[in-house]
Amino acid sequence: MSDLLDLARGITERAADGEEVEAYVTHARDFSVKAYDGEVESLSSSEPRGAGVRVLLANRIGFAYTTDLTYEGLDWALGRARGNARHATSDDALAFAPPWEEPVADVPGLVDELQSSVAPDDKVAFAVELEQATRAADKRVRTVEESVYADSDVEAAVATSSGIAASYRETDAWCYSLAIAEDGDDTEVGFDFDLGRGIGELDAQSTARRAADRALGVLGATKIQSARMPVVFDPYTAGQFLGVIAAALTGEAVQKGRSLFAGKLGQEVAAANVSLVDDGRVPGAPGSSPWDAEGVPTSRTEVIRGGVLQSFLYDVVSARREGRASTGNAARAGFKSAPGPASSNMALRSTGESRDDLLAKAGRALYVQDFHGVHSGANAVSGDFSVGVTGRLLDNGVLGRPVKEVTIALPMLDILAGVVAVAGDMRWLPFGGSFGGATTLIAEMTVAGA
Amino acid sequence: MAASGGGLILSLVIEESVVKKVLAEALRRGGNLAEIYVEDRSTTSLRLEDSRVEDVASGRDAGAGIRVIAGERSSYAYTNVLTTDALLEAARAARAGLAGDPAPIAAQMSPVASGARHPVGRAPESVGAEAKAEALQAANESARAAGAEVRQVVCSYADVHQKILVAASDGRWATDDRTRLRFAVQVVASRDGQIATGFEAPGHSGGYELLELHEPAAIAATAAAKAVTMLDARPSPAGELPVVLAPKSGGVLIHEACGHGLEADTLVKEASVYAKRRGDSFGSDKVTIVDDATDGGAWGSYAVDDEGVPAQRTVLFEHGVLVGHLSDFLSARRIGHPPTGNGRRQSYAHLPLVRMSNTYLLPGPDDEDEILRSVKRGVFAASFAGGEVNPATGNFVFGTSEAYMIENGALAYPIRGAQLIGNGPKMLAVIEAVGGDFDRGEGVCGKDGQTAPVTTGMGTTLLGRITVGGTET
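As you go down the protein sequences, you meet chains A and B in turn. First residue of the first sequence? That's 1 in my numbering, and the numbers climb one at a time after it. First residue of the second sequence? That's 1001 in my numbering, and the numbers climb one at a time after it.
Any given hint might turn out to be false.
Label-pair distances were calculated between CB atoms; the ranges are [said to hold, decoys possible]:
no., chain 1, residue 1, chain 2, residue 2, range
1, A, 360, B, 1279, 46 to 56 Å
2, B, 1280, A, 364, 50 to 60 Å
3, B, 1465, A, 267, 37 to 47 Å
4, A, 37, B, 1084, 45 to 55 Å
5, A, 228, B, 1192, 22 to 32 Å
6, A, 121, B, 1021, 20 to 30 Å
No lab work stands behind these hints: they were computed from the structure. Think of the CB as a built atom: it goes at the ideal place given N, C-alpha and C, for glycine as much as any other residue.
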């Protein structure tokens, strides 16, 4: 534990007069195995480590990273960060995290202590079981494109020349399966996953079943006639939708004119039953940590309450621009990137219905299980939302005819205003963040098909 | 001898004797092949937003990955500690689970005759960060001069210098030295509550001379003009319509809808709509599609791939007929063909995957103005924001970032929110005209969690009928 922290401190202690230095150092142990046709297809193990260094000098910040953690390697990074700072624009909002006034509490549930004693053979056996169970789920499952088990044990340390010095550890284990089902001329794919802090929290059989069911459920899918109709997002697509709007809910996105929510603080931006919370301290949740990527303690922020926009999410710099404190929402894509604001664990609060009640309420609707082309069809600046979908027609609460090659469209603010119900079946989706997806009913969207 | 002939280009000195020791260790418990991939990568990037140069970053990332192939199984371990001990430990991790007798390695390493390296006119390392920051400022000023509607400008500059060594127990010894550079401008414009964006991002395999071929101010002006034009956009129609694809960006449809399904890893698992279809005709004789990693200076080019196989040009469709595929070492072995030099990896931390390089619909016989004139009512797709495809089904969706309504053979007005939705083989069947006005566009392709620089390209192309998803029913 302390080795990494010593390394981080060793960098910040080299700060020259008049400058501040921040070091972020990680050391991971990663493992993954992919099974195909009952055998190991590939297996990977590694122990990557690296350091990212920022220097704040005369209201300018420079950054450099290195995988060379020798004294010379770290000196190179510090020197480059210092040199880079000279070419940035002077900005008096720039700062590193303020020193902690009190000790920061741990977030429970980030480490499964049993995980480090799991034998590689058990991990291999898990991936093979997942692949075989996906194949065995139904005779129409023709092949399994990928079945993967993976885990990671990461220690991260942060230090600043103003006195922050902390480290924490987290373990993660996850698996996923990609089933390909065929019936007659039609081929469809189904993806599902499971995640936890250790292999013991993963269930190969139910993950396989869900992946197969997602493919089987849309076999024989066809277009439907263009229409305006109610739409239900399943937990998977509901989580993806949150991921899209999350990008527009940081203070930085608003300050820089990159948000559809700009100028809407205190206004109604969603139906009255919509409440959206970001919480970096949910025990065990994928996006949880005691402090964020700048070393600021994480917190819980009500973003939307009763349909009214309450707050954006901030890192140190975007907060200073508005004379407020960071909400502990700085994130990094590892030691190679400088921090920037992002959501931690973001979820809509359930409106109380069960999934079955919600489906019954939907009447005749389009049930969406996959979005296609989200990164091009969803624009968090303009609020445009137009994506391809695969799903089923819902009729009186029953999933019926499978549907594909149609698009759904509606401006994002109209989608939020059209939220009728959010079911209680929330699960965390770890794709590009951590988003709580629950079955969600939208009053009406444009469906374009034949 | 590799160490003298092929030459160790890396500043990290890993001697041939160490490489052989590591490969022997990797095969100590059996296996068919062991391979080491060593990479030393330096990057510089700068970003401007809100008229401020914000992120000035340098990076140094060096490491090695060791792969052991035993039957159908690949085991991989990597380290970013480049000592002999750490490499030997990675070799032992890569052979974990094997229990056979030691397998031999080649007595001599033989340098691979690689394709041409892509020339670097002006090494980015020789240009100071100050000049790069000034280029961003020039782009910013140019974009902001496009009109009061311009609300935000984000400019970024990035150069990457990557040196690699691939050596394998079969004697393969290959090196490459790649420099890539890209300059991107994104402009956000708004007027009366409408918001529109414009994006332009040329890149190449080469040096700082990119910014002489494409001046930052000109790149920014193009992006800004797109954003301002799209402010006038009306909602896109929805339904089946003829679509004209503009050169350059339109090539992303070929990449997604045809290229991915011809990557041999999907073919051998029969997870591709094109599996077992070689020799079948999918489109008219105007449809010839190639993947060409040798294209001089193109963004997706290289001299050897990340498995040490020389870059090459592969014909995928010839006059509408499926004739080729793309492969890496493993998928080639399974399919029973030599590898096509398309084994690429994001870094030493990644196993190689079958990837495209520069994928082009070759120029056709038609005149671009004639193509437009032939459409009574349809959509002109000028730029795409991206897209995705499911190789198993061939289904794709592409979002436009700049599109126009065509009425009576001419562009009538810009439209927003237009998505093209369809199926790869079906799309090839409706390519009715291909223009001679070929141009390239640069992008970053994602697959299995790895990214790779790729180029797309085509001339003005007419799709007779395809589903357009929009907001107006």
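Point to revise | Hints breached by this structure | key: 2, 4
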